[in-house]
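Protein chains in written order, with numbering that gives the first Met the number 0: chain D, 0 to 197; chain B, 0 to 648.
A portion of the hints provided could be inaccurate.
[Unchecked claim] Which residues of chain D face chain B? A partial, calculated answer using Cβ under 10 Å:
#: 1; residue: 25
#: 2; residue: 38
#: 3; residue: 62
#: 4; residue: 181
[Said to hold, decoys possible] Below, in silico cross-link-like pairs of lysine to aspartate or glutamate (EDC-like), each with a Cα-Cα straight-line distance of 20 Å or less:
#: 5; chain 1: D; residue 1: 145; chain 2: B; residue 2: 549
#: 6; chain 1: B; residue 1: 5; chain 2: D; residue 2: 171
#: 7; chain 1: B; residue 1: 385; chain 2: D; residue 2: 86
#: 8; chain 1: D; residue 1: 117; chain 2: B; residue 2: 619
#: 9; chain 1: D; residue 1: 29; chain 2: B; residue 2: 625
#: 10; chain 1: B; residue 1: 553; chain 2: B; residue 2: 538
#: 11; chain 1: B; residue 1: 32; chain 2: D; residue 2: 86
#: 12; chain 1: D; residue 1: 89; chain 2: B; residue 2: 380
#: 13; chain 1: D; residue 1: 145; chain 2: B; residue 2: 625
#: 14; chain 1: D; residue 1: 145; chain 2: B; residue 2: 587
#: 15; chain 1: B; residue 1: 277; chain 2: D; residue 2: 3
#: 16; chain 1: D; residue 1: 174; chain 2: B; residue 2: 587
[Claimed, not checked] Covered stretches of chain B (in silico footprint by chain D; criterion: 3 or more residues with CB under 8 Å from a CB of chain D, positions within the stretch not fixed):
#: 17; region: 80-86
#: 18; region: 357-368
#: 19; region: 437-451
Note that these hints are calculated values from the structure, not bench results. A virtual CB, placed ideally from N, CA and C, is assigned to each residue, including glycine.
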Amino acid sequence: MDKEFNMMMVGLRAHDLVKIAQVFAQAAIKNGMNVVGTDHTFVSMEQMVEISHIRIGEEVFSPLIPKGMCDLLIGFLPGEGARLAAEFLKSSGVAIFNTREIVPLIVMPPHSAYPEPKEIMDLLSPLPGRLITLDAYSLARETGDKYTDNFVMLGAASASGVLPVNAQSLVDSIKELVPERELEVSLKAFELGQGSIS
Amino acid sequence: MELTTKELSFIVRDAYGTLESPTLIGRDAPGEKVALTGNGALARGILEAGTQIVTFYSGAPVNTVADNLSFIADKFGFYVEASTNEKVAVEVAAGASMAGLRSAVLMKDLGLHLALDTLLPLVFSGIKGGMVIISGDDPGALTSPAEMDSREFAQYLHIMGFDPANAQEAKDMVIKAFDISEELELPVLMRLTAQVCYGRGAVTLGKISKGERKAVFEKNLFRWFIFSEIGMGRKNWLHNQQPKLQEIARNISFNQLEIGQGAKAGIIASGGAYNYVKEALRHFGNEEIALLKLGVFHPIPKELIEPLIEKVDRILVIEELEPIIEKSLLEILGRLGKKIEVKGKLTGDLPEIGNYTPDMISDAIGNFLGREKKAIALGKEDVRKKIQETIPPQFPAFCAGCPHMATFYTLNQAIKKVGGEVIVTGDIGCYGLGALPPLATLDNMLSMGASIGIACGFSKAKVGAKIVACIGDSTILHAGLPPLINATYNRSDFLIVVLDNQMIAATGHQPTPGIGITEQGESTRAISIEELVKACGVDEIKIIDPGEVEDAIKAFSDALRMSGMRVIISRRACTLVPKKEARGKGEELIPYHVDEFECSGCRICATDIGCPAISFREKEGQAWIDEYLCRGCGVCSQVCPTGSIRRAE
């Protein structure tokens, strides 16, 4: 691993990315790494944008990632992902985006309409070193529990090869932290996410 | 699969709270490193300190500390309580501490104001068992009506104030705070900023200490009866304790001075802001800096400052919210007669409001040192600009299927039907979103319970409009009853709508006294809001289900036409409850969908209700429901004029 690894995630509270932040952080600590991070938690309201920062390295202190320092950006919402990519992603960074957008209820002026996901991806393509896209929601559906899209994205991140912890560590951490009743579907979702990256 | 009250309580609580796994918080493995948030680490610290009573009123950012403990409380034999409000929470904890037990009380910064009424005389009597007051500050007011700084209250109360920088320190400090509290017989105030509460990091577990003290209250009127001369005597005692606070602060390991080889300039940093300083010094280097980290912000003994000003004659103070350390420093320097250049908020070098970021602090340190700023390696400027210009921001909205949304939709329809001007006061809770378009029902928000108090003022001022006060179920029990009694007794004239979603939804689904489940998930007697309201002198009370659209509109219309005090209790459980409950049982809620042949494209469902699951697709000229978000509440199907929204097959 390089000296430092910085990962950002953005989604709505509904995506429950706190759960995978927990899993990833615990896996890194089990591997003897130093972790700092934070979730911009907007209470329980599902439609609030949530941003999660996780940083790994001996010399990291700020739980917030400084601008231009993000190695991996996981975007549950393509639009918000693109916005963060513009400010935080390293030029060599990797972005993994869910293709399914949740369009805001109201588009405030000066904007008039929300762009299609395709348009967002096109905007983004000159930015990161590598852009990976997948339909996390459809994959989550296959597990029988549509709310497992967070673990689909974690699986995809794992398969991308940029995480400083291996897949087995993440699986162990899922088993350690996810309640029994959600465990099977979560592991299935993780696998489906892994399988979506070739 | 059926769920017990306790299981359901836990599942619902786990709905997007930053709940840690109970297996981590209660793990008996001293020395093991685990990933915890600041809130999780606080919970663990409370457990390791042998605390026997934990009370709180839920509020971000410390909202999940007690929840992390509630579900393991039985196992370790301590008690966790979601108290009615912050003042009561402090009193319950203080009672236990007066009787010799260790107690922790948690609240958000704004709640500390309410608790102050009890805290001020409490520091005169002091306590016996250790008592730690934990207050969560929210720089930038990301999840609060307003931002404030709890630290001023430690100064005001003459008690020690701790400000941890990260999760590990949160745990270490809370344990130390209990010891100090017992030594001084005074509560200790711990304030945490949101970034530290939600900040994640490696925490080394210590030994869990099961509190097994037996509560004994030793009667002594000259200590416990705080009034007039006795109170003054105890105030004298409090002042005599102050040198001990100074002594502890001089030697505590949470304050640390790191002096670089060629130190030319000084930085004092405290709490979460310290992390940003350390991050910036990775770029600027430590050599020319003398860095004083203050984990204890009150008191600040001059002996901590002296070694710093021997080395440097310029100091930058970095702390979030108010310039408290900066002012203390100026006072000390003034008394020492030292001419030192102090930079910070008061000199405009750092902002006095809002939250800090690592980039902001890096720039401030660069300016202070006269050094080149850290270059940010970003992609092409034109691409970044295009992205910001093209993508509209997400807009805050209610959760899909939220009962508050249905309440505001039906209230709006009734207001339209009845006609005339209406002023709607709001209160603290998820329903504050009702001020935003497209519903835009609420006209103000101020503080807990103020919807009713302000409405009394409007009523007595004769504002020439119908007045409606909107207040939540937990909020009316927290601070809404005194203004309600005021309203009826003094013959005000307005409608109160109690938005009863059967819990404290916004901060992570803590129970309210209205639902008959305790914080630890036990069944108890539910407090009936309708009976309370009746006892407070209201005769016109109606209970509605906002999900029954037509009936709700009629009830609101009737109530708007009446005069005197009248109350409508709009009762339906928070939309996350059926969602989480179904998931816990391994079931799925059936979403609604729009029939493409029947939808006329009128847009009413997409523009009037405010449900984020419904959008209007311009290309198709039709409404569309996102099945990922839809909870199947059915409100839109009742609103649709062509009957084209139906439950999916």
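How the hints compare with the structure:
no.: 1; hint: 25; verdict: 4 Å, holds
no.: 2; hint: 38; verdict: 5 Å, holds
no.: 3; hint: 62; verdict: 4 Å, holds
no.: 4; hint: 181; verdict: 8 Å, holds
no.: 5; hint: D/145 / B/549; verdict: 32 Å, violated
no.: 6; hint: B/5 / D/171; verdict: 27 Å, violated
no.: 7; hint: B/385 / D/86; verdict: 12 Å, holds
no.: 8; hint: D/117 / B/619; verdict: 18 Å, holds
no.: 9; hint: D/29 / B/625; verdict: 39 Å, violated
no.: 10; hint: B/553 / B/538; verdict: 19 Å, holds
no.: 11; hint: B/32 / D/86; verdict: 33 Å, violated
no.: 12; hint: D/89 / B/380; verdict: 13 Å, holds
no.: 13; hint: D/145 / B/625; verdict: 12 Å, holds
no.: 14; hint: D/145 / B/587; verdict: 9 Å, holds
no.: 15; hint: B/277 / D/3; verdict: 15 Å, holds
no.: 16; hint: D/174 / B/587; verdict: 23 Å, violated
no.: 17; hint: 80-86; verdict: violated (count 0)
no.: 18; hint: 357-368; verdict: holds (count 3)
no.: 19; hint: 437-451; verdict: violated (count 1)
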